[in-house]
Each structure stands twice: as C-alpha cells, then as structure tokens.
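Same order as they appear, the protein sequences are chains Y and A. Using the working numbering, read the first sequence as starting at 1 and increasing by one per residue. Using the working numbering, read the second sequence as starting at 115 and increasing by one per residue.
Hints were generated in silico from the structure; no laboratory data involved. Given the structure is predicted, the values throughout are model-derived calculations rather than measurements. We put the beta carbon where it would ideally sit given N, CA and C, even for glycine. A few of these clues could be false.
Simulated pairs of lysine-lysine, DSBU-like, Cα-Cα distance not exceeding 35 Å [as the list claims (entries may be wrong)]:
id, chain 1, residue 1, chain 2, residue 2
1, A, Lys170, Y, Lys57
2, A, Lys156, Y, Lys13
3, A, Lys170, A, Lys182
4, Y, Lys13, Y, Lys57
5, A, Lys156, A, Lys182
6, Y, Lys57, A, Lys156
7, A, Lys185, A, Lys170
8, A, Lys182, Y, Lys57
9, A, Lys156, A, Lys185
10, A, Lys170, A, Lys156
11, Y, Lys57, A, Lys185
Simulated coverage check for chain A against chain Y, where a stretch passes if three residues somewhere in it have a Cβ under 8 Å from a Cβ of chain Y [what the hints assert, rightly or not]:
id, region
12, 138-151
13, 213-223
Distance windows between CB atoms, simulated [as the list claims (entries may be wrong)]:
id, chain 1, residue 1, chain 2, residue 2, range
14, Y, Glu52, A, Thr124, 38 to 46 Å
15, Y, Ile12, A, Gly173, 38 to 46 Å
16, A, Glu129, Y, Pro95, 33 to 41 Å
17, Y, Tyr10, A, Ala143, 36 to 44 Å
18, A, Gln172, Y, Gln96, 22 to 30 Å
19, A, Gln172, Y, Leu11, 38 to 46 Å
20, A, Asp169, Y, Ala2, 31 to 39 Å
21, A, Ser142, Y, Gln41, 20 to 28 Å
22, Y, His99, A, Gln128, 15 to 23 Å
23, A, Gly173, Y, Gly16, 42 to 50 Å
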Amino acid sequence: KAGVTQTPRYLIKTRGQQVTLSCSPISGHRSVSWYQQTPGQGLQFLFEYFSETQRNKGNFPGRFSGRQFSNSRSEMNVSTLELGDSALYLCASSPQGTHNTEAFFGQGTRLTVV
Amino acid sequence: GESVGLHLPTLSVQEGDNSIINCAYSNSASDYFIWYKQESGKGPQFIIDIRSNMDKRQGQRVTVLLNKTVKHLSLQIAATQPGDSAVYFCAENWDSGQNFVFGPGTRLSVLP
Numbered sequence: 001k002a003g004v005t006q007t008p009r010y011l012i013k014t015r016g017q018q019v020t021l022s023c024s025p026i027s028g029h030r031s032v033s034w035y036q037q038t039p040g041q042g043l044q045f046l047f048e049y050f051s052e053t054q055r056n057k058g059n060f061p062g063r064f065s066g067r068q069f070s071n072s073r074s075e076m077n078v079s080t081l082e083l084g085d086s087a088l089y090l091c092a093s094s095p096q097g098t099h100n101t102e103a104f105f106g107q108g109t110r111l112t113v114v
Numbered sequence: 115g116e117s118v119g120l121h122l123p124t125l126s127v128q129e130g131d132n133s134i135i136n137c138a139y140s141n142s143a144s145d146y147f148i149w150y151k152q153e154s155g156k157g158p159q160f161i162i163d164i165r166s167n168m169d170k171r172q173g174q175r176v177t178v179l180l181n182k183t184v185k186h187l188s189l190q191i192a193a194t195q196p197g198d199s200a201v202y203f204c205a206e207n208w209d210s211g212q213n214f215v216f217g218p219g220t221r222l223s224v225l226p
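Produce the complete structure using the sequences and hints provided.
Structure (structure tokens):
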C-alpha cells in the first residue's frame with residue numbers, strides 16, 4: 001500500500017508569489033491534515049479536510065488555504081508569500097479522521113521563499 | 115539533511131542501552147497521544163499511540179507511559195540501536211478530528 005505522497009518535494013518561490021502544494025493520502029483514507037514545520041515554531045497544525053470539507057483550522061492567516069477533492073486528494077495554497085513562510089509543509093492522512101485515530105505523514109514539501 | 119530544530123534538547127545514549135524520552139503535554143483535556151520519529155529529510159513516522167484510559171502501552175522495543183496527573187508522557191526504547199537516532203515528537207489530541215498539537219521534540223543520538 002503506497003504511503004502519503006506529497007508533490008513537489010522541493011520548491012523555491014519569490015516573495016509575493018503564490019504556491020500550491022499537493023497531497024495524495026493513503027488509499028482509502030478520507031481525512032487529510034496539513035502542518036507547517038519550522039525550526040523556530042516546530043510542527044503547527046494548519047487545517048484538516050474530510051469529505052471535501054474543512055473540518056478544523058489552525059491559527060494561520062487567510063493567505064493559507066486548502067481544498068480536498070472527491071478522491072480525497074488535497075491541495076494547499078499560500079498566496080502573497082513571505083520570507084517567513086519558508087518551511088517544511090507536511091500532509092497527514094487518516095482513515096476516517098475521527099478523534100483518537102492515528103495520522104500518517106508524507107515526506108513533506110520543502111518551500112523556500114527568497 | 116534538513117534541520118528539524120536548531121536548539122532541541124538532546125539525549126545521547128550508548129548503543130544497546132535503554133532510552134527514555136520525556137514530554138510534558140499542554141492540555142489536561144487531551145485524551146489521545148502519539149509518539150512520532152522523524153529522521154532527517156523525512157516526514158514524522160508513527161511509533162506508538164496511547165489513549166487516556168490507559169497508563170501504559172507496549173510495542174516492539176518501545177513502551178509509552180502516560181501520567182495524566184502531571185500531564186507527562188514518556189517513550190522508552192529498549193536496546194537502543196543506531197537506527198533509532200532521530201528527533202522524537204509527542205503529539206496530543208483532544209478535539210474532534212485530526213488537529214494534533216506537537217511537542218518541541220527531542221533529538222536522540224545513539225553513540226557506538
């Protein structure tokens with residue numbers, strides 16, 4: 001069974017641009033969550049999608065958005081990029097996304113904003 | 115490899131010894147916890163989980179202990195191996211859905 005797949009693995013963007021990251025969950029998993037990982041702030045929850053609906057949202061500005069498709073694949077978008085958005089963006093999937101169930105992570109997308 | 119954290123607490127152990135990694139969690143309402151291992155350049159890897167109705171759970175070479183009174187979680191790794199070198203995170207969950215709060219992480223270094 002393939003794991004969580006994130007594309008691209010690495011990305012370099014310029015300040016002010018926008019970026020879209022993609023996540024394909026484990027087959028059969030319906031919940032997809034996104035996290036930002038930086039050396040200073042650690043791992044921080046961005047949002048979670050389940051059945052194409054955003055179910056939970058972390059404390060990030062509106063420049064960060066996401067969506068989920070009917071096949072459970074998810075994308076996240078960051079608009080008007082800032083230098084501080086440089087981070088490893090991680091996607092995690094879960095079968096039903098219910099409370100008390102494990103989340104499995106992908107390799108992440110390393111975004112560098114210059 | 116990529117740096118997960120610049121100033122993470124570090125635990126150094128001799129190969130073959132047991133390791134104990136500690137975590138203080140933040141929310142007394144948290145009722146589900148996971149330990150993750152993250153190697154350089156990779157995403158977090160699920161190790162073991164525990165629900166709040168338990169105080170101990172064992173896996174293969176790993177044991178998680180939960181002390182709800184003091185909001186403390188620990189991960190014990192038996193017979194630590196070089197492949198165990200990584201950053202270890204605890205994560206807590208109390209709300210509906212999959213929004214986990216992660217601890218700052220501990221870097222485990224296994225000495226030959």
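Hint check:
Our distance criterion of 35 Å between C-alpha atoms is met by A:Lys170 and Y:Lys57, whose separation comes to about 31 Å. Between A:Lys156 and Y:Lys13 the alpha-carbon distance is near 21 Å, which keeps this suggested pair within the 35 Å criterion. Restraint check: the Cα-Cα separation between A:Lys170 and A:Lys182 comes to about 11 Å, which is no more than 35 Å; the hinted pair holds. Between the alpha carbons of Y:Lys13 and Y:Lys57 the distance comes to roughly 25 Å, so the proposed pair stays at or under 35 Å and holds.
Only pairs whose Cα atoms come within 35 Å are accepted, and A:Lys156 paired with A:Lys182 is accepted, the gap being roughly 31 Å. Proximity of Y:Lys57 to A:Lys156 is assessed by CA-CA distance (about 24 Å); at most 35 Å being required, the pair is judged to hold. A C-alpha spacing of about 14 Å is found between A:Lys185 and A:Lys170, which places the hinted pair at or below 35 Å, so the restraint holds. The suggested pairing of A:Lys182 with Y:Lys57 holds, with an alpha-carbon distance near 26 Å, which does not exceed 35 Å.
Note on A:Lys156 and A:Lys185: the hinted pairing holds, with a Cα-Cα distance of about 29 Å set against a maximum of 35 Å. A C-alpha spacing of about 28 Å is found between A:Lys170 and A:Lys156, which places the hinted pair at or below 35 Å, so the restraint holds. Of the supplied pair hints, the one linking Y:Lys57 and A:Lys185 holds, its CA atoms being roughly 25 Å apart against a limit of 35 Å. Counting residues of the region 138-151 of chain A whose beta carbon lies closer than 8 Å to any beta carbon of chain Y gives 4, which meets the minimum of three for the stated coverage.
Judged by the Cβ-Cβ criterion of 8 Å, the region 213-223 of chain A is covered by chain Y as claimed, because 7 of its residues qualify and three suffice. Between Y:Glu52 and A:Thr124 the CB atoms are about 42 Å apart, so this pair conforms to the stated range of 38 to 46 Å. One distance hint, 38 to 46 Å for the beta-carbon pair Y:Ile12 and A:Gly173, holds here, with the actual separation near 39 Å. Judged by the Cβ atoms, the range 33 to 41 Å given for A:Glu129 and Y:Pro95 holds: they are separated by roughly 36 Å.
Distance hint for Y:Tyr10 and A:Ala143: a CB-CB separation of about 38 Å, consistent with the stated range 36 to 44 Å. Distance hint for A:Gln172 and Y:Gln96: a CB-CB separation of about 26 Å, consistent with the stated range 22 to 30 Å. Roughly 41 Å separates the CB atoms of A:Gln172 and Y:Leu11, a value that falls within the hinted 38 to 46 Å. Under the hint 31 to 39 Å, the C-beta atoms of A:Asp169 and Y:Ala2, about 36 Å apart, fit the expected range.
At roughly 23 Å, the beta carbons of A:Ser142 and Y:Gln41 sit within the given window of 20 to 28 Å. Take Y:His99 and A:Gln128: their Cβ atoms lie about 39 Å apart, and the range 15 to 23 Å is violated. Distance hint for A:Gly173 and Y:Gly16: a CB-CB separation of about 47 Å, consistent with the stated range 42 to 50 Å.
In summary, the one numbered hint that this structure violates is 22.
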